[in-house]
Structures are given as C-alpha cells and as structure tokens.
Amino acid sequence: MHFDYAQCKTGCFLLLMNLQEKIGILSAAAKYDVSCSSSGSERANQPGGIGNAAKAGICHSFADDGRCISLLKILYTNHCIYDCAYCVNRRSNDIQRATFTVKELVDLTIGFYRRNYIEGLFLSSGVIKNPDFTMERITRIARELRLIQKFNGYIHLKAIPGASQELVREAGLYADRLSVNIEIPSESNLKMLAPEKNYPSVLSPMSFIKEGIVQYKEERKIFRKSPLFAPAGQSTQLIIGATPDSDKQILTLASGLYGQQNLKRVYYSGYNPTNLYDSRLPAISVPPLKRENRLYQSDWLMRFYQFTVDEIVNDEHPDLELAIDPKLSYALRNPHLFPIDVNSADHHMLLRIPGVGPKSAKMILAARRFRKLNSEHLRKIGVVMKRAQFFITCHELPSHTIQELKPDRVRSILTMDLRKKTLPNALQLSLW
Amino acid sequence: MVGYRSIQANKQMLEYHYDGTFMGLLSAIFDAFNRKEYPDVILRPDGQRLLFATTHTVETNDSQAQRVLNGIERIGGKPTCEQLFHAFLSMSPDMEILLLDYTRELFFRKRPIMADLGNKTVLQVHKLDRKVLREAHRSVMFIRFERAADGMYFAPFAPKYDVLPLVIGHFKHRFTDQHWIIYDTSRDYGFFFDGKRVEQISIDNPSFSKDSGKLKEGLEYENEDQYQELWREYFRSIAIAERKNPTLQRNFMPKRFWKYLTEKRI
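Protein chains in written order, with our numbering: chain A, -17 to 414; chain B, 11 to 276.
Chain A with its partners taken away, still in its complex shape (with noise of 0.2 Å):
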C-alpha cells in the first residue's frame, strides 16, 4: 500500500498508518452501528456528476454475519473525549486509535461508489477536542462530496449531541439521511452509563432536524427547487440489553419517536459483551440476539400492520416472549378476535393474523374480488398456513380454530413445531 504520500503534510503521526490498517479501525469501530439503509430518497443524477439514490435503497453485499453492506460505514475518527460505558471508543479504552484525512474518506467513497460496491457513505465519528469541531469535520466531507466531486449518491451523516444549529442545518443540506444516537432508552440509566451526556443533548438535535425537515416539505410544495434537506428523514439506535430497561419502555420510546418526531427508522442494537472489566454493564457473553429480534418483529407490527404500542407490550405483558414471535403472542392473548374470515376481513384485521404479512394481505384483497379463496389458494399466495390455519376462516369446512382448540393447545402445537425445526439431524434420525 502506498498511500503515504497524501498525508506527508498532515504531520508524521499519520505517516505511520497506511489507508488499509485505517480502514479496518475505523470501520471495525462503526460496526456496532446497526443502520445501513439506504432507501428514502430519490435523489437525481446531475449533468457531470456521479451517481443518484433509489428510492428503495439497494443492498451491495452481505458480510459474514449476515448483515447487509449498504453503506461505506465507517467513523471518521475513534478518538473521542466522552467515557460513555458501552462503547468500544471510550477514551479509557487501552485500543489502536486513527483518523481519516478528509481527501482519503472522499476518494474512498467515489473509488468504491464507482466500482458498484457502496449506495454511499455513512458516516459517524467519535468527539474530538468538543462536539462542534468534530460536526464541522464530517459536514466538511460531505460538502467536498457534494459540492466539488458533484457526488449525489447517498449520504448518511451522524448529528453530534451538543453540536451546534449551524453545523445540523447544514450538514442537512448535504445528507440525505441525519441520525442521533439515544442509545440507552431510558434517561436514568443513560445517567449512569454516560455520566457526560444527557437526553437534552440528545433530543435537541433531533427536534431540530425534524423541524428543518417539515420545513422544507413545506417549502418544497411551494418552490420545486427549494434546497433538499434530508429527504430520507432521520434515524436512530438503541441499545438492548446493557441496562434493565423493559421491552415495553423500549417499545415506547420508539413509538413516540415515529409519533411525535416523525423518525423513518429505530433500530435496535442488542449490546454486545465490551468493556467487561465495568462493573456497571451486565455480565452477559453473547448479544441478546433473540431479543432484539423479537424487537425488530414489534417495530415491524407498529410501522407496517397497523399495531399500536400497547397492543404489543402493556403493563400486563411488559416485556417480549422469546419463544413466539409478538404477534403470534398477540393472537393468543386476543383468541376473541379470532377466527378471522380471510374472504370478508378488512385489512387492518388481515394484517392480525398470524401468518399473514403485507404482501400477502394485499394479494388477498385484490385476488377475492374474483373468486371466494380457498386454503389452497391462500397458501400459494403465500400464506404461513401452518400458522394461519388456526386463526382463520376461508371457502372451506370449518377446521380446528382457536376458538375450538383454545391458545394454550395452538400454543403448544406451533412451539412445538420450531422445537422439531431445532432439533439436530442426529437426534431426529435416532428418533426413527
């Protein structure tokens, strides 16, 4: 690697670090954050410019966890001032620390960009010397990006807590998506992992988005060509597992913050084991994958079918079961509900049974205005009959529902099921 030259004028430090070992730093430090969506905005291709975003978002590759690689995510530095308890960056962390150039992150971008291996750049930073300074610096590569390489591909920006109304706005300007990190979901616990931060330092930027955000929908209605400030909204991430917080303060967070702060996205990061040595993080050995999946399935039911917080969680059933998915857990809370009659139910209620997705919801609506559907048609649309079939009624003799069986026989049936799936081919042939 022979990239060296570049940096002669920033000093010898750098001189000591190729492009290569940066890279696998800084994009090795961003990894825990889980956004990599590159869908919301349609962004157009200029004369002599390079690239444009799909409406849709595309994913380019999948590393070895599965994950999709959308994005070139990556920090700009991992020096940070702030101790917070769960991250890997914390400045008492004993780690190999690094820091772009701002010429390396923009050729890097654009060489990969053009090869077709990124849809853009997500890009995020550890605080250095104090947050404005540090919003300044990623504002500024995303301004070269836009304004001199004429690059209108995708651009993810972190907005720094504490960091000031000038620099968000117009980092606005340039990406197409802006986030802040909550983190921790509840403002105590917040207290105790990050003693130097605070939900105000937290919210403000994210109010303050969202208005600059309305405002230039509002504007856009008017003049077409009134300046883009984020078109994909904003994002956040929350941290699962690494305080006590239950499932249904989670849940309504993040319901709130679709509600009032009209966020696209919430992800949620099941904590995984760093810093051990802090006695204030719990002793866990592997990320609560189970839960944070469950997690995903709840946002799922709040964005796309129409559920309501407290129908997922409430005081009765604070926190998710692991063992079935929620709105499977739902059903077997509501058997009243249920059978649901797949040729006569309106949507909403399509969208409640278990097996049922969106998809196949809208097919069902657009295929029974032709014909009263059978069971066999259901499951070729591509109904989860194996789940379904309890909860539904079609073109057909009535069959074992809910109502005849009861949930803690349905219960036990389908968990039965994925225990059957789990079992190690060795033990399912012993069983022969």
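Derived by calculation from the structure, the hints in this document are not laboratory data.
No residue lacks a Cβ here, since even glycine has one placed at the ideal position from N, Cα and C.
Please note: incorrect hints may appear among the correct ones.
[To be verified] Derived Cβ-Cβ restraints for the label pairs, each shown as a range:
1. R260(B) to I130(A): 36 to 44 Å
2. G87(B) to P255(A): 54 to 62 Å
3. S261(A) to R242(B): 33 to 41 Å
[As the list claims (entries may be wrong)] Quick look at which bits of chain B chain A covers, simulated, 3 or more residues with Cβ under 8 Å:
4. 119 to 129
5. 138 to 146
6. 152 to 166
7. 182 to 192
8. 259 to 268
Given chain A's structure and the hints, the job is docking chain B onto it.
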C-alpha cells in the same frame, strides 16, 4: 384448459416452433388464434422435440406480434405487458404455453386479470415475473466494476435469466461520467456506455478471464488492486465476529454470484 388438452390427446400432438424471441412467441400466439388451434408445446430452437407430432414453424412477424401486444395492452394495460415479458425472460420450461393460456384467458374475459391470483395461470405468471425481477435487482446489487488502464470500468456478470436489458437504465443514470461495459458472460453479450449512449456489444477475444471475471494482467488500472484490497479489508472488518452467520449470508447473497464478487472471489 385441461379438458381441452385431453380431447386433443386422441389426436396427433401439435408442436409449434419459434425462434426463441419475445416477438417470435407473440407471433406463435397470433398463429394459434389465427389457425384456431391449441398447440401442445411451443418450442424454442433448443427445445426437446416430441415424437410423431404435427409441426408448425412460426415465422416471426413483427406486425402480427405487435397486434397481439396491442391487444394485451388494451385490455391489461402496460403492467400486464411488462409482466408477460418478464415471465418470458424466465425461459422456464412451460413458459410458452403458460403465456398462451394467459393471453387466451385475458382475451376471453376482456378485463385485467393480473390480480386474480386464485387462477393458476395468473399466479404462475405472477411468480415468474417476481423471480425475474428479483434476479434483475440482484444484478443491480452484485455487479462489480474493475477499472482498466484506459479508464474503462468493466463488469462481468452471469445472471440466471437474461435480465441485463432491464437494469442497464439504472447504470446509465448512475454512472454518467465514466465509460463502462457490463458483460453477460453466460449469454456472451453485453452493453457498452461511452459517456453518451449505450450500445449492445459482444466480445470475440476476451481480455478477461471467464472464471474470475478479472481483467488480464497488465490491463488493469495501476491502483486497481489496492482499491480491491481496501474493499476486502472493509468487508472483513465490518462483520461482527460474535454474530457470524454464514447461512444468512448465503441466503441473501447466493454462492453462484461469488465468483465475480470482489470481496468473495479468491
């Protein structure tokens, strides 16, 4: 349709031959209507012939094909035409008869039937359409360019279906200031963009390896290897080791794409 076929079973089988193009298939459909008959198979040139069948060789006739297409569009609209074209691209074994059935159904019922997913023919066309679009989307995801010394960006690709024509527009809008070639190595043709327009090409003496897709020694841009190495470094370090999940990775990114993927090929 089944009843109709069983009546014919006593008669001699009827076999249509067409040239394997979409217009050819539409001409075959035109002939079936025109001759008031229902072929048992419609064969592309490489198709498996039946024994002792009556054969009819379809002459591809653009104006007749266009009449069929116009009829489809008049009743079903543009989306139906697109769906049928995508189903055609799937080249699945019984696709020709399926499209004939669909067209007959459409002309018989005289209303859009796209949403009638309780109907077997409609559902099957719907599924083939989805399959082909999925492959098209995957080419948008997994095509990888390699920069040559003369500034050309070259991408070899081997999709399951002939989907490059569906995605060239995407690349044309995105990469306007670089010259590129996207080449389908399994069908041996590709598209070349010269900064202004896209042209269909085929390469006689390939200057790249068909196995790895890599440009031959000396033809690469001098820093190309470094960029690829940087990308591989990124690919390695963005994964969380504790969450390793090769099955999930393969579900999203099937192995058949790996040979041309910068981050996966060896």
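Against the structure, the hints come out as follows:
Remark: the range hint 36 to 44 Å for R260(B) to I130(A) is upheld by a beta-carbon distance near 40 Å. Take G87(B) and P255(A): their Cβ atoms lie about 56 Å apart, and the range 54 to 62 Å holds. Look at S261(A) against R242(B): about 39 Å separates their beta carbons, and that is inside 33 to 41 Å. With 6 residues having a Cβ less than 8 Å from any Cβ of chain A, the stretch 119 to 129 of chain B passes the three-residue criterion, so the hint holds.
For a cut-off of 8 Å, the count of residues in the stretch 138 to 146 of chain B with a CB near a CB of chain A stands at 0, and the three-residue condition is violated. Residues of the stretch 152 to 166 of chain B lying with their CB closer than 8 Å to a CB of chain A number 8, which satisfies the three-residue condition for coverage. A count of 6 residues in the stretch 182 to 192 of chain B with a Cβ less than 8 Å from any Cβ of chain A is obtained; the coverage claim is therefore met, three being the minimum. Counting residues of the stretch 259 to 268 of chain B whose CB lies closer than 8 Å to any CB of chain A gives 4, so the stated coverage by that chain holds, three being the minimum.
Comparing the model with each numbered hint stated earlier shows that hint 5 is the single one that does not hold.
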